[in-house]
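Note that the sequence shown covers residues -15 to -1, 1 to 310 in mature numbering (1 follows the signal peptide of the UniProt record, and there is no 0).
Take these hints with a grain of salt, some might be off.
Derived CB-CB ranges, DEER-like [claimed, not checked]:
(1) Phe93 with Ala213: 26 to 36 Å
(2) Ser216 with Gly36: 35 to 45 Å
(3) Asp94 with Asp268: 31 to 41 Å
(4) Ala304 with Asp118: 18 to 28 Å
(5) Ala183 with Ser216: 30 to 40 Å
(6) Ser212 with Ala7: 35 to 45 Å
(7) Gly176 with Gly124: 15 to 25 Å
(8) Asp171 with His121: 37 to 47 Å
(9) Ala304 with Ala256: 34 to 44 Å
(10) Gly124 with Ala183: 40 to 50 Å
By construction, these hints were calculated from the structure, which means they are not laboratory data.
For clarity, every value in this text was computed on a predicted model and none was experimentally measured.
Here a beta-carbon is modelled for each residue, glycine too, at the ideal position from N, C-alpha and C.
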Amino acid sequence: MIATLFALLVTPALAADVGFEAVKMADGEGPPLTAGIWYPTNAAATPHALGSFSQTVAPGALIAGHRLPLVVISHGGGGWYGGHYDMALALAHAGFVAAAVSHNGDTFDDQSHVLELWRRPAQLHRLVDYMLDEWHGHGRIDAARVGAFGFSNGGFTVLVAAGGTPDLSKITPYCEAHPEHDLCKDLKQAGVDPRFGANVPDSVWVHDPRIKAVVAAAPAFGFAFGSAGLSSVHVPSQLWRAADDRHQPDPYYDEAVRASLPQPPEYHVVAHAGHYDFLPPCDARLSRKMPEICNSLPDFDRAAFHEQFNAAVVQFFQATLNSNR
């Protein structure tokens, strides 16, 4: 009986639909950050375009519920805030507020700061600030229940936010040993010395103790952490690996993170999945435009996987953020 009452207190009532808005946030002396925000609403939702996708939302609708948990989302390299819209919708349908930031300097239309990896956790920290203090619905959010999801570069980002400190000097020996791996070939093609991060001080990595649980899918630069670099990550974590990830080959990324976390993560290995299968299914037009991101192996059903993936992420945050009450 007590457990049932506790569950009723910490689990928000589900709303009928999802509200949505895009916002601009000041970011110090830099350009404003853009974010998308999904949240529960009782207003009627209808289909609306979101980049190359369509989502069923009620733009600008009133928020339903109180003491709502928050999940912030960090996209992969060259992405944008809408890159995981289907997960954001699933979270909002389950009673969460989901907020995703476009990381200035590492988006599809701006790669000017892609190697300044320390900018990403700082921008995610700014998003949490905005959502808890400045967003018009901040009074509806439970500041004690904040989680973070990230894919690829975003997975790296949320691990740092949760307390991780990478050592980018490890990129040089990694590329000396594995010059055929995508990261190393890309650096060489771009004329970038792999020693670019050799002198990055630990002080640049922004951690956010408000984040109480993290989900990392195919985290980039996993080999750069090690046990020492992840020793301060004590929040519950869920880790996802694509079994056929040829962009970030095993065991140097996800497995390196799994082996180094001080608390074993909830670990999922997705059979037949490639790196970009963590992104939502593409329509025919986007598939023709970006086949390297959109095309899956013939025996992999990306749409079916995303139903399972999103449900598992929602369940993880429901369990871990509720337990932090």
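Here is what the structure says about each hint:
Against the hinted window of 26 to 36 Å, the Cβ-Cβ separation of Phe93 and Ala213 comes to about 34 Å, which satisfies the hint. Checked against the given bound of 35 to 45 Å, the beta carbons of Ser216 and Gly36, roughly 38 Å apart, stay inside it. The beta-carbon spacing between Asp94 and Asp268, approximately 20 Å, falls outside the hinted interval of 31 to 41 Å. At about 27 Å, the CB distance of Ala304 to Asp118 agrees with the hint of 18 to 28 Å.
Remark: the range hint 30 to 40 Å for Ala183 to Ser216 is contradicted by a beta-carbon distance near 21 Å. At roughly 40 Å, the beta carbons of Ser212 and Ala7 sit within the given window of 35 to 45 Å. Distance hint check: the CB atoms of Gly176 and Gly124 are about 50 Å apart, inconsistent with the given range 15 to 25 Å. Between Asp171 and His121 the Cβ separation comes to about 41 Å, which falls inside the hinted range of 37 to 47 Å.
Between Ala304 and Ala256 the beta carbon distance is about 24 Å. The supplied range of 34 to 44 Å is therefore violated. The hinted window of 40 to 50 Å between Gly124 and Ala183 holds, with their beta carbons roughly 45 Å apart.
When each numbered hint is compared with the structure, violations occur for hints 3, 5, 7 and 9.
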